[in-house]
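> Here are the chains, one letter per residue:
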Amino acid sequence: MSAERKSREARRRFTGSSITTVTWVLAFVFFAPVIWLVMTAFKPESAAASNPPVFFFAPTFEQFEAVLSNGAGAYFLNSLIATGVSTILVVLLAVPAAYAVSIRPVKKTSDVLFFFISTKMLPVVAVIMPIYVIAGQLKVLDNIGTLVILYTAMNLPIAVWMMRSFFQEVPAEVLEAASMDGAGLIKTLRTILIPMVTPGLAATALICVIFAWNEFFFALNLTAANAATVPVFLVSQMTSEGLFLAKLSAASVLASLPVVIAGWVAQKQLVRGLSMGAVK
Amino acid sequence: MSRAEGWRRRGPLLPALIFTIIITQLPFLVTIWYSLRNWNLLRPDGNQFIGLANYVDIFLDSTFRSSALNSIVITLGCVFLAMILGIIFALLLDRKFRGQGVVRTMLITPFLIMPVAGATLWSISMLNPSFGLVNWVISLVGIPPVDWTASHPIISILMALVWQWTPFTMLLVLAGLQSQPKDVLEAAQIDGAGWTKTFIWVTLPQLRRYIELGVLLGTIYVVNTFDQIYLMTAGGPGTASANLPFYIYQRAFLGFDIGQAAAMGVVVVIATIIIATFALRLIFRSFDAKD
Chain A
174 MSAERKSREA
184 RRRFTGSSIT
194 TVTWVLAFVF
204 FAPVIWLVMT
214 AFKPESAAAS
224 NPPVFFFAPT
234 FEQFEAVLSN
244 GAGAYFLNSL
254 IATGVSTILV
264 VLLAVPAAYA
274 VSIRPVKKTS
284 DVLFFFISTK
294 MLPVVAVIMP
304 IYVIAGQLKV
314 LDNIGTLVIL
324 YTAMNLPIAV
334 WMMRSFFQEV
344 PAEVLEAASM
354 DGAGLIKTLR
364 TILIPMVTPG
374 LAATALICVI
384 FAWNEFFFAL
394 NLTAANAATV
404 PVFLVSQMTS
414 EGLFLAKLSA
424 ASVLASLPVV
434 IAGWVAQKQL
444 VRGLSMGAVK
Chain B
31 MSRAEGWRRR
41 GPLLPALIFT
51 IIITQLPFLV
61 TIWYSLRNWN
71 LLRPDGNQFI
81 GLANYVDIFL
91 DSTFRSSALN
101 SIVITLGCVF
111 LAMILGIIFA
121 LLLDRKFRGQ
131 GVVRTMLITP
141 FLIMPVAGAT
151 LWSISMLNPS
161 FGLVNWVISL
171 VGIPPVDWTA
181 SHPIISILMA
191 LVWQWTPFTM
201 LLVLAGLQSQ
211 PKDVLEAAQI
221 DGAGWTKTFI
231 WVTLPQLRRY
241 IELGVLLGTI
251 YVVNTFDQIY
261 LMTAGGPGTA
271 SANLPFYIYQ
281 RAFLGFDIGQ
291 AAAMGVVVVI
301 ATIIIATFAL
311 RLIFRSFDAK
321 D
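Protein sequences appear in the order of chains A and B. Per our numbering, residue 174 is the first one in the first sequence, and the count goes up by one each step. Per our numbering, residue 31 is the first one in the second sequence, and the count goes up by one each step.
Any given hint could be a false lead.
Below are the DSS-like pairs computed for lysine-lysine, each with C-alpha atoms no more than 30 Å apart in a straight line [stated by the list, open to error]:
1) A:Lys312 / B:Lys227
2) B:Lys227 / B:Lys212
3) B:Lys126 / A:Lys179
Footprint (simulated), chain A over chain B, 3 or more residues, beta carbon under 8 Å [as the list claims (entries may be wrong)]:
4) 44–56
5) 156–170
Keep in mind the hints are simulated off the structure, nothing from the lab. We put the CB at the ideal spot given by N, CA and C, even for glycine.
Using the sequences and the hints, build the whole thing.
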């Protein structure tokens, strides 16, 4: 190897490792608020809101215990029901709909897709008043079923778009063969389509779970004592008689944990989910 | 196609379609109805039909105009900054290095943190004037403490929003980078194009669709921002940082002015539809061309 090539090689390696260092530093800065949140959750209250900030302390589970004994369980149960049931409903409605617009499209399919996505552009505030008034008249304010229906409507358009893109990847011959064998919709879905798009279905469900679990606006305005979800609980922790920052941080960590873990596990699926399947 | 066959094909679509129409479109029709009425819950004598008077009031309402402007500034600012940061992070991640998986996991986490938790984290732990981490960091280089959410409410909200949405744009751009055919890049290298030239003339055009998609989807979500404003500034000081969703919420649930709030909602929807129609057609073209 000539000296010139050797030095070019060394320079390349140096550039490479400095880019790696820059990447790590940027990632650390970007991630620092999360580290700080988790650290604060393990602090005694006296160390949480201090100036200068405390970086070394004896970690305690005190705040987590306080949050859990403060009735957090009921809110988590509400969130679990609202998220779980709405996600199941979304999948049950979106799969046949996506099948109709992708495998056996009729005229106006793109209009139907446009309609679905246009509902995501409808500002939620523009429909909250009638929903509030109607729910009041039907006596379903502060009712978890109301949230389930709204979360289903909120996630359904995304799910139809995502499932459509997954179905479009299924080879036409496979479906032709199924229809030759006389398989109907349910049978085709169950035995052929669903098994082929399981990762896509998982991605769809994950996105629905994330948005339903994190939803705040409907929950804030339509629930009170009985049906309040985790985000509402979190806000209720900011009491007027004083801010308990460590406790609030512990509650934030607990509230975010399910989605953070699910998202970490399913990073690859997240991309296609977030792009509504447009990115292959 | 026979009529029966047509229904057989349309059938599976109907439950989702009907559900969506009932839950999203009917309330909107009711909103239009409310918007034509003088209905304030604090005034029991009200609730008559008043035609377009609510709409006339909106155009005389300077807070509505400033909230609309804030909506635009916050949405464009967040989507633009998140996209720039997202592209930088994606480029840094799109190479083999030690700990790549860990770094990617760290970078996507802000998106997964519950927005309510993220908003309180930023407004209290990060931006608090006396014990916030940001003021401590800038004090290390001699900058005096800043009362972020009171003096720079929009910048504070943007910090929290950009932090939350950068992972989203990063993931999309990263998907675009990883779908780049490697032989094109190699060809560019062989032709003697440097990194900058390759990026501008080869990578960026290929990323265009992904960037457009990120901008469109990001805008759809960010324009509806409520949590951060509700928790970080409550639209304040005064109404300095209220965006349209927050201002309408205020008129409806704190001012109990159903008619006014409904009219604002209708105006926002019309504006959104006009903008979205252009944007969606663009994206439809760029993604359908491939199918």
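> How does the coverage statement for the stretch 44–56 of chain B fare against chain A, requiring three or more residues with Cβ below 8 Å from a Cβ of that chain?
holds (count 9)
> Within 30 Å, alpha carbon to alpha carbon, are A:Lys312 and B:Lys227?
64 Å, violated
> Cut-off 8 Å, C-beta pairs, minimum 3 residues; does the coverage of the stretch 156–170 of chain B by chain A stand?
holds (count 6)
> Between B:Lys126 and A:Lys179, does the CA-CA distance stay at or below 30 Å?
The hint holds at about 21 Å.
> When you check the alpha-carbon spacing of B:Lys227 and B:Lys212, does it fall within 30 Å?
Roughly 16 Å between the alpha carbons, so the hint for B:Lys227 and B:Lys212 holds.
In summary, the structure is inconsistent with hint 1 from the numbered list given earlier, while agreeing with all the others.
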